[in-house]
Amino acid sequence: MSDIQPIVMPKWGLAMEEGALTSWLVESGSEIAKGQEIAEIETSKLANVFESPASGTLRRLVAKEGDVLPVGALLAVLAPPAVSDADIDSFVAGFVVEAPADAEAAGAPVERKLERGGRTLVFKAAGLQNEATPVVLIHGFGGDSDNWLFNIDELAKSRPVYAVDLPGHGKSSKTLATGDLGELAQAVADLIDEVGAGKVHLVGHSLGGAVAFQILRDRPERVASVAGIAPIGLGDRVNADFVEGFIAAQKRKDVKAALELLLSDPDLVSSQMIEGVLRFKRIEGAKEALRAIADRNLPAGRQTASFRDLVEQDRVPVMIVRGERDTILDPAAAQGLPSSVEVVRVENAGHMPHMEAASTVNSKLAGHFDAADRR
Amino acid sequence: MSKKSYREAIREAIAGEMRRDPRVIVMGEDNAGGAGAPGENDAWGGVLGVTKGLQPEFGADRVLDTPITESAFIGAAAGAAATGLRPVAELMFVDFMGVCFDQIFNQAAKFRYMFGGKAVTPLVIRTMYGAGFRAASQHSQCLYPIFTHIPGLKVVLPSSAYEAKGLMIEAIRDDDPVIFFEHKLMYDDTGDVPDESYTIPFGEANITREGKDATVVAFGRMVSFANQVADELKREGVGVTVIDPRTTSPLDTETILDSVAETGRLVVVDESHPRCSMAADIARLVAEEAFSDLKAPIKTVTAPHTPVPFSPALEDIYIPTPAKVRDAVLAVTRGRAR
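Residue numbers (the working numbering), protein chains in the order written: chain A, 1 to 375; chain R, 1 to 338.
Hints were generated in silico from the structure; no laboratory data involved.
The structure displayed is predicted, hence computed values, not measured ones.
Be aware that one or more of the hints could be misleading.
Claimed, not checked - Derived DSS-like pairs (lysine-lysine); straight-line CA-CA distance at most 27 Å:
1) LYS234/R / LYS253/A
2) LYS256/A / LYS52/R
3) LYS253/A / LYS212/R
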């Protein structure tokens, strides 16, 4: 019986309680590999492909297409061919959905606040029971810590993970001094000090990548490695239609058009995602904060910061992840980097490979952190 | 961000705007709660406690108790708005609005028009509506269609605590008279409400559920019923889009028509009486503008054309329920191509 592995409904984000299995992408009896896309799952907030958490022979598809099931419910069963059908039957019959454990004890993300100079920085913390060098996740322009919902739990299995809401974003204060990279980097540095981490692995997406590079430049002694996911700072251009469209968008339709530019599959943009962005943009000061950050860092379709020289200095291990279908930043910008930089190209992803191909990106990140720790 | 009730969300919106703008004042029956009578300050905060705490913070000059004379204090509020203040007047139950129709329909709603755009009337009238409170026919009506009928008024029906705060701040900052409908059974409903100030624009519907088989347009408290039905039917393979228009005037017709173009089926859920209701209005809109998109007759779910009964058993039958919404969705989606 111990060879039988359940595949259960994943929990994507703090609020997810149940999900709908929209379709199976694999058949009963097939061999599946960890990270393989096996199903499409939809929650009230988003739809995404579900990548298998384990490898093995798929002996039983328990959930049917269209089923709406709670987090932790049995979706399928993996077992070697030697295990009898009867054993699988009794495993399925005896399967009990585990009650959601106490979030913090289970290492699930908890929200924390940091007050500095009258401003609040909000971040999520997870995996605090782990000893390894911590990871700090820095979202991009207009995003928030929820952008890491497919990554945070996986990375927190072996390391403490902190996901920040940058100044002007998410639940952090919307007032900015200038909105330049120095200010954003200082806020993340305050977080690193607050949690008492000596060195950290920085993971930055898009503008967050530039923030990570800025911290490496300003405070190299605190940085164990940098992973840039479609980072700003390696090329010259940025899609101004997205930046300006995102700032200007006040109506659902306009937000939808902007969000569709981010993903290789525009059908993944749900009404709940759109309302989530609108909820952020409605907050007093949010639009002004976006404007200030864009004016400083992404004016008129240009990237003002360049970190190529820094990356070429090879101070710490650097990995760059690029979606080949990115329409926000040209994927070609990651070309011509020195061989010390590991470049990961993700074929079917747009500007958000950490959401669109989470399993691939998670395992690349884990390998990158481990290699950096050994260096 | 924290969990707050519908009541707290409304109070937080008013208090925030009173701090921000000294022209914002609150007036109504028992709003200050016996202010002036020794030992009785802030005793009530309105009949269901929404304005509790405002009088101690902002004082008797900005939180006024009024006599039980709606015609007088709604008229005073309209005049105060036209002459520079931004009053938030509480007219306890919308059922009592009849005595001040002239002040609302003929004065407040018309000032901007009659004075060639030179006058504005930044007035908010908060009022309770809805059945289910065992309060009988004179305290339970859903009279928002009457106000929607009058050009010059804006009519708001928040469907959750989050919506209530953002729509109230928008209402107070708006330069036209706004009738703000609070369902009396929703005051203890809780939800995530940001601590910060935010506004939700009028005339922009929210899509609270997405599905391909039918469109349900629901108002105020009925939105939660429609969401519940959409979640249930999703498990049974029927996809339901739920639209919360947020405001009946202005009305976001585009979102409704776009959705019906996709689904071809419409159910409107409206707690008011069926005649001249929002249900009738939306059905008219879709029949006129999108007839060729329809794959099934439009269904409406409303209360009947009777006074709200005092008998609890009859009142429960009177109010639209999730079961009635479900039946209507199943009726329009029966025989659909899968």
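| LYS234/R and LYS253/A: Cα distance at most 27 Å? | holds, 24 Å
| message | Need the status of pair LYS256/A, LYS52/R: alpha-carbon distance at most 27 Å? | response | This hinted pair is violated, its Cα atoms lying about 40 Å apart.
| Straight-line Cα separation of LYS253/A and LYS212/R no greater than 27 Å? | Holds, at about 18 Å.
The structure fails hint 2 only (numbered hints given earlier).
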